[in-house]
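Number of protein chains: 2
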Amino acid sequence: MSSKQKGSNAERELVHLFWHNGWTACRVAGSGSMRYPSPDVIASNGQTVYVVECKCSKVKTKYVPLEDIDELVGFAQKFGAVPLIGVRFSNKEWMFLSPFDLETSGKFALIKRESSAHSFSEIVSHSSSRLVATPFSQ
Amino acid sequence: MSSKQKGSNAERELVHLFWHNGWTACRVAGSGSMRYPSPDVIASNGQTVYVVECKCSKVKTKYVPLEDIDELVGFAQKFGAVPLIGVRFSNKEWMFLSPFDLETSGKFALIKRESSAHSFSEIVSHSSSRLVATPFSQ
Chain A
1 MSSKQKGSNA
11 ERELVHLFWH
21 NGWTACRVAG
31 SGSMRYPSPD
41 VIASNGQTVY
51 VVECKCSKVK
61 TKYVPLEDID
71 ELVGFAQKFG
81 AVPLIGVRFS
91 NKEWMFLSPF
101 DLETSGKFAL
111 IKRESSAHSF
121 SEIVSHSSSR
131 LVATPFSQ
Chain B
1 MSSKQKGSNA
11 ERELVHLFWH
21 NGWTACRVAG
31 SGSMRYPSPD
41 VIASNGQTVY
51 VVECKCSKVK
61 TKYVPLEDID
71 ELVGFAQKFG
81 AVPLIGVRFS
91 NKEWMFLSPF
101 DLETSGKFAL
111 IKRESSAHSF
121 SEIVSHSSSR
131 LVATPFSQ
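Quick note, the sequences are listed as chains A and B, same order.
When we follow the numbering used here, the leftmost residue of the first sequence carries the number 1, and every step to the right adds one.
When we follow the numbering used here, the leftmost residue of the second sequence carries the number 1, and every step to the right adds one.
Simulated from the structure, these hints should not be mistaken for laboratory data.
Treat the hints with caution; some may be incorrect.
Output of the computed footprint for chain B on chain A, the stretches with three or more beta carbons under 8 Å from beta carbons of chain B [unchecked claim]:
1) 16 to 28
2) 45 to 52
Simulated pairs of lysine-lysine, DSBU-like, Cα-Cα distance not exceeding 35 Å [claimed, not checked]:
3) Lys6(A) - Lys107(B)
4) Lys6(B) - Lys92(B)
5) Lys55(A) - Lys78(B)
6) Lys92(B) - Lys4(A)
7) Lys4(A) - Lys6(B)
8) Lys6(A) - Lys62(B)
9) Lys78(A) - Lys6(B)
10) Lys78(A) - Lys92(B)
11) Lys6(A) - Lys6(B)
12) Lys92(B) - Lys55(B)
13) Lys62(A) - Lys78(B)
14) Lys62(A) - Lys112(B)
15) Lys78(B) - Lys112(A)
16) Lys62(B) - Lys62(A)
17) Lys107(B) - Lys6(B)
18) Lys55(B) - Lys112(B)
19) Lys92(A) - Lys112(B)
20) Lys4(B) - Lys78(A)
21) Lys55(B) - Lys4(A)
22) Lys6(B) - Lys55(A)
23) Lys55(A) - Lys62(B)
24) Lys6(A) - Lys92(B)
25) Lys78(B) - Lys4(A)
26) Lys55(A) - Lys78(A)
27) Lys107(B) - Lys55(A)
28) Lys55(B) - Lys78(A)
29) Lys55(A) - Lys112(B)
Beta carbons: idealized from backbone N, C-alpha and C, even for Gly.
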């Protein structure tokens, strides 16, 4: 399976998780001929909107270009949403990090299997509008 | 060009329009293996979120299954967004109708070239949070 297919499958899995927990969610179409910033998945429970950049990794550390993270944050701010990096390491549950709370090295954010992160159940229970302004800051 | 391609091109055109007017917007990926309700385009200016079902037509009247409209409304309510039907008749600018204000016939909504509708500039200027609750009702 190509890494693109794996990425799409991971996004679908995340969309299922949101729906099964009472949220709406959808995958965003690839940019194609357009080049606007966009997340991979958008989810909402009517109060909080998450825009999620999804990553998969078979190795212990995932390097994410800071440029991608800046784009996600820009999109989220304009949309009025909470940006999240969702990472699915092999044989591990989804973990979610705020872009404002990442370890960086040069032009990359480093996300490790053992990084401190939020679980899926945490993000779907942090669903007050207060978190839109200050995600996970408290 | 297939009708699917025409539909995708119309959606891309609409996404461009939103960005060029200071909004964020993206196309939603096709359902593929998933069968959850979803709109074609999601757009936000940070206050109002529109979820748009896009239709194209070469003829004077577009018939839209009421089932599709119910799905859009359900998604919008759960998301906390304003549902819109965006129709692009050949050689005519985009027109936008609220699902709550459609002429119906049997199991279909009828949208005519000459139907009363909102222009693109109207929908991007109706951007107060008040309209989320009562879209175009005033």
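Here is what the structure says about each hint:
no.: 1; hint: 16 to 28; verdict: holds (count 8)
no.: 2; hint: 45 to 52; verdict: holds (count 4)
no.: 3; hint: Lys6(A) - Lys107(B); verdict: violated, 39 Å
no.: 4; hint: Lys6(B) - Lys92(B); verdict: holds, 15 Å
no.: 5; hint: Lys55(A) - Lys78(B); verdict: holds, 26 Å
no.: 6; hint: Lys92(B) - Lys4(A); verdict: violated, 38 Å
no.: 7; hint: Lys4(A) - Lys6(B); verdict: holds, 26 Å
no.: 8; hint: Lys6(A) - Lys62(B); verdict: violated, 38 Å
no.: 9; hint: Lys78(A) - Lys6(B); verdict: holds, 28 Å
no.: 10; hint: Lys78(A) - Lys92(B); verdict: holds, 30 Å
no.: 11; hint: Lys6(A) - Lys6(B); verdict: holds, 29 Å
no.: 12; hint: Lys92(B) - Lys55(B); verdict: holds, 13 Å
no.: 13; hint: Lys62(A) - Lys78(B); verdict: holds, 33 Å
no.: 14; hint: Lys62(A) - Lys112(B); verdict: violated, 52 Å
no.: 15; hint: Lys78(B) - Lys112(A); verdict: holds, 34 Å
no.: 16; hint: Lys62(B) - Lys62(A); verdict: violated, 48 Å
no.: 17; hint: Lys107(B) - Lys6(B); verdict: holds, 25 Å
no.: 18; hint: Lys55(B) - Lys112(B); verdict: holds, 12 Å
no.: 19; hint: Lys92(A) - Lys112(B); verdict: violated, 52 Å
no.: 20; hint: Lys4(B) - Lys78(A); verdict: holds, 30 Å
no.: 21; hint: Lys55(B) - Lys4(A); verdict: holds, 29 Å
no.: 22; hint: Lys6(B) - Lys55(A); verdict: holds, 31 Å
no.: 23; hint: Lys55(A) - Lys62(B); verdict: violated, 41 Å
no.: 24; hint: Lys6(A) - Lys92(B); verdict: violated, 41 Å
no.: 25; hint: Lys78(B) - Lys4(A); verdict: holds, 30 Å
no.: 26; hint: Lys55(A) - Lys78(A); verdict: holds, 22 Å
no.: 27; hint: Lys107(B) - Lys55(A); verdict: violated, 42 Å
no.: 28; hint: Lys55(B) - Lys78(A); verdict: holds, 26 Å
no.: 29; hint: Lys55(A) - Lys112(B); verdict: violated, 44 Å
Of the numbered hints stated above, those contradicted by the structure are hints 3, 6, 8, 14, 16, 19, 23, 24, 27, 29, listed in ascending order.
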